[in-house]
Structure formats: C-alpha cells, structure tokens
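Chain A is already provided as a structure; the job is to place chain B on it using the hints.
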Amino acid sequence: MNAVEVEGLEKRFGDTEALRGVDLTVEKATVLGLLGPNGAGKTTTVRILTTLLKADAGRATVDGIDVASDPRRVRARIGLTGQYAAVDERLTGFESLEHVGRLFHLSTREARARATELLERFDLTDAGGRVVKGYSGGMRRRLDIAMSLVSRPTVLFLDEPTTGLDPRSRLGMWDLIEELVAEGTTTLLTTQYLDEAERLADDIVVIDHGTVIAKGTADELKGQIGGDRLEVTVGRPDELARTAELLRDRCAVTGAEHVDVEARTVTIAASETHKIVPDVVRLLDDAGIEVLDVVVRRPTLDDVFLQLTGHAADGDADEGGDR
Amino acid sequence: MTTATNVLPEPATPVRRSKLAGAVGDALVLTERNLIGYVRIPEALFFSTVQPIMFVLLFRYVFGGAIATPGMSYVDYLMPGIFVQTVMFGAVGTSIGLAEDLHKGLIERFRSLPMASSAVLAGRTTADLVRNVFVMVLISAVGFLVGFRVHTNVLAFLAAIGLMLLFAYALSWGFSIIGLSAPNSETAQLMSFPLLFPLVFASTAFVPAATMPSWLRPFAEHQPVSVVVNAVRALTQGGPTARWVVPALLWSVGLLVVLMPLAVRRYRRAI
Numbered sequence: 001m002n003a004v005e006v007e008g009l010e011k012r013f014g015d016t017e018a019l020r021g022v023d024l025t026v027e028k029a030t031v032l033g034l035l036g037p038n039g040a041g042k043t044t045t046v047r048i049l050t051t052l053l054k055a056d057a058g059r060a061t062v063d064g065i066d067v068a069s070d071p072r073r074v075r076a077r078i079g080l081t082g083q084y085a086a087v088d089e090r091l092t093g094f095e096s097l098e099h100v101g102r103l104f105h106l107s108t109r110e111a112r113a114r115a116t117e118l119l120e121r122f123d124l125t126d127a128g129g130r131v132v133k134g135y136s137g138g139m140r141r142r143l144d145i146a147m148s149l150v151s152r153p154t155v156l157f158l159d160e161p162t163t164g165l166d167p168r169s170r171l172g173m174w175d176l177i178e179e180l181v182a183e184g185t186t187t188l189l190t191t192q193y194l195d196e197a198e199r200l201a202d203d204i205v206v207i208d209h210g211t212v213i214a215k216g217t218a219d220e221l222k223g224q225i226g227g228d229r230l231e232v233t234v235g236r237p238d239e240l241a242r243t244a245e246l247l248r249d250r251c252a253v254t255g256a257e258h259v260d261v262e263a264r265t266v267t268i269a270a271s272e273t274h275k276i277v278p279d280v281v282r283l284l285d286d287a288g289i290e291v292l293d294v295v296v297r298r299p300t301l302d303d304v305f306l307q308l309t310g311h312a313a314d315g316d317a318d319e320g321g322d323r
Numbered sequence: 324m325t326t327a328t329n330v331l332p333e334p335a336t337p338v339r340r341s342k343l344a345g346a347v348g349d350a351l352v353l354t355e356r357n358l359i360g361y362v363r364i365p366e367a368l369f370f371s372t373v374q375p376i377m378f379v380l381l382f383r384y385v386f387g388g389a390i391a392t393p394g395m396s397y398v399d400y401l402m403p404g405i406f407v408q409t410v411m412f413g414a415v416g417t418s419i420g421l422a423e424d425l426h427k428g429l430i431e432r433f434r435s436l437p438m439a440s441s442a443v444l445a446g447r448t449t450a451d452l453v454r455n456v457f458v459m460v461l462i463s464a465v466g467f468l469v470g471f472r473v474h475t476n477v478l479a480f481l482a483a484i485g486l487m488l489l490f491a492y493a494l495s496w497g498f499s500i501i502g503l504s505a506p507n508s509e510t511a512q513l514m515s516f517p518l519l520f521p522l523v524f525a526s527t528a529f530v531p532a533a534t535m536p537s538w539l540r541p542f543a544e545h546q547p548v549s550v551v552v553n554a555v556r557a558l559t560q561g562g563p564t565a566r567w568v569v570p571a572l573l574w575s576v577g578l579l580v581v582l583m584p585l586a587v588r589r590y591r592r593a594i
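Chains A and B, in that order, are what the protein sequence lines are.
Going by this note's numbering, the first sequence opens with residue 1, and the numbers climb by one from there.
Going by this note's numbering, the second sequence opens with residue 324, and the numbers climb by one from there.
None of these hints come from the bench; they were simulated from the model.
There may be inaccurate statements among the hints.
Footprint (simulated), chain A over chain B, 3 or more residues, beta carbon under 8 Å [as the list claims (entries may be wrong)]:
| id | segment |
| --- | --- |
| 1 | 358-367 |
| 2 | 431-441 |
| 3 | 561-572 |
Calculated Cβ distances over 12 Å to all of chain B for the following chain A residues [unchecked claim]:
| id | residue |
| --- | --- |
| 4 | Glu-17 |
| 5 | Val-74 |
| 6 | Pro-237 |
| 7 | His-274 |
List time: in silico DSS-like cross-link candidates among lysine-lysine, alpha-carbon distance up to 30 Å [said to hold, decoys possible]:
| id | chain 1 | residue 1 | chain 2 | residue 2 |
| --- | --- | --- | --- | --- |
| 8 | A | Lys-133 | B | Lys-427 |
| 9 | A | Lys-28 | A | Lys-222 |
| 10 | A | Lys-215 | A | Lys-54 |
| 11 | B | Lys-427 | B | Lys-342 |
| 12 | A | Lys-54 | B | Lys-342 |
| 13 | A | Lys-275 | A | Lys-28 |
| 14 | B | Lys-427 | A | Lys-54 |
| 15 | A | Lys-275 | A | Lys-222 |
| 16 | A | Lys-54 | A | Lys-28 |
Beta carbons are placed, not taken as given, at the ideal position from N, Cα and C, and that holds for glycine.
One chain only, chain A, in its complex shape (with noise of 0.2 Å):
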C-alpha cells in the first residue's frame, strides 16, 4: 500500500477549474516533489489532502484512509507545514509545541517532554522561552515544522518549505528535510523551485493548469526531452532571432530552442555536441553575429519546465495566490 494514492482529483472554485483529474501516488518512506508554478494547483491538492478541502471529484487515501469519509483519522496521522509559517507569535518555541501535544490529547507530560524534545532537534532550545515574535524567519519555519511533528505524523505535507527563506536559511531547511526524510518520513513537498525538487524528491510530479504534465525521478524527466543543451549568448538582443533560426537548422531537434532575450542566450537541445559545437561557431561568425560564449551542458528540470509547459517554471505564471 502506498503512504498516499490520489485518483482523478477535480476541484473548482467559481469559474476556475483548479484541479481538472490529478492522479498521483507516493509511496511508503519516499519523497515525492510536487512541482510547478504558481496557481497550477498545488496547495490545492495539498488542501484536499489534508482534509482542509473537499475534492468535487476522484478520490485520495492517506496511509489507507480516505480523506473525504474519514477526515478525522487522516488528521491524526499527518503532519502539515502551510505556506506561510502558521506560528502564534504571543507565545514562545516551548508553549507552541506543547499546546500542539496537547490538542493532540498527550499528556501534559508526555506533551512537554516532546516539546523539549522537538526544540533540541530543531536547534531551538536557546529560544524555546522566548516569545516567537521575536523569531528570525528561518526559526519560525522551524518551529513550524517542528509543529507538524509533534505527534510523529506517517506522512508529512510540506507546502513550498522554503518560500520566503533567505539562501542560507533555505540550505538549512533543505538539510534538516534531508535528515528527516533519512529516518523514513514520507514526504509529499510542493515547490516552485526545480533544484529544491532536484535534491529532495525521490520521485517528481509536474503540475500544470491542475493537470499533471509529467512524472519520474529527475533524471527520467531529464531522458524524456533528450539529450545535452547547447546555450549560446550572443552580443546584440536583435541577433538572437537568427541565431535561433541557424541553430534549429542545424541541430535539427524537436522541441523547439528557448530564447531569453535579458541574457541575451539562446538554448536548445543537442545530440553528439562534440561535432556540432565547432559547426554551430563557424555558423554564427559566418553569419556576422557576434558569439559571447557557448556552452554545453546536462539538461536541467528548468530545461524540463520549458519543453513541457512552454513557460518557465517561475515569471510568467498566472496571476494570483495558489488556490
């Protein structure tokens, strides 16, 4: 049995067709990276998921237990970090995670030796007496999942863990994900970032418009588009359009070649880019375009992004919060 099996997810609010049949499964002690831009659907399944909503359509168990007929139960066994830090700021680290414990019906002992517990782990002891408002946001999104484990959930929901974060708090946050997935919390996690997804999910799905456009583990999705990306930049914004025109002729790939005008480079998909790397300079400088550099490398989920939705990953996402 999986820790999580979705089938034909549909959700619609007003005239938006939030989900339109999300099916996705995660299995027992793995990670799974739920990605895509804003507003493509994502904390709306992770809504449904965790019984804050209710799906108009499909179905979805949580460790064996539907969400819609048995909200109750799913409760008791998950573990859910919302978007924002969901933190009281009146009161401190320790009474957070005790209150927690409690509503979670633990012992007021039990409860408080689990709120230490939880401080120590997640490097907040110093603090754990100190009023949250006065919390760093890298200590609030701590404390937060700190929360969520209190009542040691089988499966944990983690809704773009690192928004808002600055990189060092984000590195931090990516390690301690790490370390609890290390000791077998499975893990749905949604993001908006690609390396995020790269590093921390065993398996990745790809969600676009409420629809999944794409699933596997990174290097699969890496296969599904082919092979090496060539990205050269050129000197002059008004040279790119060429520049993209020779390189298609001669790369002669499916999939059309991404042109991002601010950094003035063309990519596209390469296959034995060994020969065609010289080919494609003596075509450009024969051509009088001026060639900045060009380089080769391994497809990134970006280059995924692009190829799949024909848009970034993030910039031009629809407008609005992620319903």
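The following block gives chain B in isolation, referenced to the frame of chain A:
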C-alpha cells in the same frame, strides 16, 4: 542541527477520552492560548477600556444634562446602557482575533489537527468572555466613581452582570462568523460595526424610546439590546424584574443556540 533523537519512531499515543471531554479539553488549551496573548500584550486590553470610559464621561457630563429620564437620575439610567455597550464592543474582539488567526494560517493548522471543530471557536469566545469580565469590573468601578448606585442588592447586581456576559458570549459566536468570512482583521472590525451600531444606539441604552420618531420606537423598544438593558436597569434600580429578565435570557440563549452551529459550520470551511 543535532541528530541525536529519532523524531519519528512511532505515532504518539493519545490519552483516551470521551468525545465531550476531548472537545472541552481542546477548548481549554485554546482558551489558554488566547489568554496568554492578552496577558503578553496588556496594552491591547488597556486601550480597549479607554473607549467605554470616554463614553461614560461623554454621556454623564456632556449629553446627560439634556436627557430627561423619568424615575431615576441620568447616571443610573446611563450605566446599564454603557455596560451592555461595552460587552458588545468586547464581543467584536472575537471577529478580529479569528480573522487574524485565519490570515496567519493558524486556522489552517488547527483544522489539520484531529481536534473538535468547535474548539477553536469555543477557545476564542471563552477567552473573550474572560476579557469581558475584566473590563466589566473596571467599568463598574468607573461607574461608581461618577455617581452610579445600585438601589437593589449585590446579588441582583451580580445577576445583571452575569446576564450581560451571557448576552455578549452569544454575540461573540455571531461575530466569529464575520471574523472567519473577512479578508483581514481590519475589515472584520469594519464589517462588525454596521451590525453593532444600530443595535447599540437605536435602543433604550442611552435615551428613552419615547423621544424617538414613531417608526423607530417599536424597534428601539423591543430589540434584544434594549431588552437586556432594561433587564439590567430593573436588576440594579428596582422595579418589575421578570418582565425584562425572562425575555433577555430567552434572547441570549436563543442567539447562542442558533449562532453556535452556524459558526462551527463556517469554521469547517474556513481556509
């Protein structure tokens, strides 16, 4: 990051309790949480008593002289109105507090925990009730300072206070629906006032209904705020008590019975 303890060996073992005991326990944890908040930010509590004190002074010394109240001095007529107004404004705190919890994602967290769905609302309304008790003590003291007197006995006065707290508690549940529906706490407050204002001022709280136009008088005489204010007057100044106290109790309990399930229903859908 220390790696000493394994965080997730097995699910924690909850203490077995009956459904009701569980719900009461959950509500107590959340009441405690809100009370800690009030104690940690005493400024909020302090300033919430400033407005009613200004109302006392305004009506006692500025408007009071121009208002004729048959059968009792104006300050004795006024204070029951001020008391009821104060607890009602205190009940607005419920909508503000819940809107804040919702906005900060706390309701989302609470809703993902396996606790009674009445607990968050019960915890908030109970904490606001405790806060109202505190405010009542303060406003009573101010009332006595400006000349208000109880002409019955202490028990009747305490009964009057209990009645007002019950009425405000019922309203708290109503205001919690507004708090859970508002986009933020400022709006929650603004949404509460159009409801509160006609109830408090188109009533017999500050002036007798006799001077109001004939179209307004029936409403002003029979709406629940007037009923409660009249009951408090009867209990503190004398006169036939049952005529007002019984309907005031019926209104309070009736509102509570209707508003509680509506609020819980709204909570179950709040995100």
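Structure-based check of all given hints:
Coverage of the segment 358-367 of chain B by chain A holds [criterion: at least 3 residues with CB-CB distance below 8 Å; count 4]. Here the segment 431-441 of chain B counts 8 residues with a CB under 8 Å from a CB of chain A, which clears the bar of 3, and the coverage holds. Counting residues of the segment 561-572 of chain B whose CB lies closer than 8 Å to any CB of chain A gives 0, so the stated coverage by that chain is violated, three being the minimum. With a closest Cβ-Cβ approach of about 18 Å to chain B, A:Glu-17 is found to remain outside the 12 Å limit, as its non-interface label requires.
In this structure A:Val-74 is not separated from chain B by more than 12 Å, as the shortest Cβ-Cβ distance comes to only about 8 Å. At the 12 Å boundary, the C-beta of A:Pro-237 stays outside the reach of chain B, the nearest C-beta of that chain being 42 Å off. Under the 12 Å C-beta cut-off, the non-interface status given to A:His-274 relative to chain B holds; the minimum distance is some 44 Å. Annotation: proposed proximity of A:Lys-133 to B:Lys-427 holds, straight-line Cα distance about 13 Å (limit 30 Å).
Between A:Lys-28 and A:Lys-222 the CA atoms are separated by roughly 24 Å; this keeps the pair inside 30 Å, and the hint holds. At roughly 24 Å between alpha-carbon atoms, A:Lys-215 and A:Lys-54 fall within 30 Å of each other, so this suggested pair holds. A distance of roughly 28 Å separates the Cα atoms of B:Lys-427 and B:Lys-342; the hinted pair therefore holds under the 30 Å criterion. Pair hint A:Lys-54 plus B:Lys-342 holds up; C-alpha atoms about 24 Å apart against a cutoff of 30 Å.
A C-alpha spacing of about 45 Å is found between A:Lys-275 and A:Lys-28, which places the hinted pair above 30 Å, so the restraint is violated. Restraint check: the Cα-Cα separation between B:Lys-427 and A:Lys-54 comes to about 22 Å, which is no more than 30 Å; the hinted pair holds. Restraint check for A:Lys-275 and A:Lys-222: satisfied, since their Cα atoms lie roughly 22 Å apart, inside the 30 Å limit. Restraint check for A:Lys-54 and A:Lys-28: the C-alpha separation of about 24 Å stays at or below 30 Å, so the hint holds.
Hints 3, 5 and 13 from the list above are not met by this structure, while the remaining hints are.
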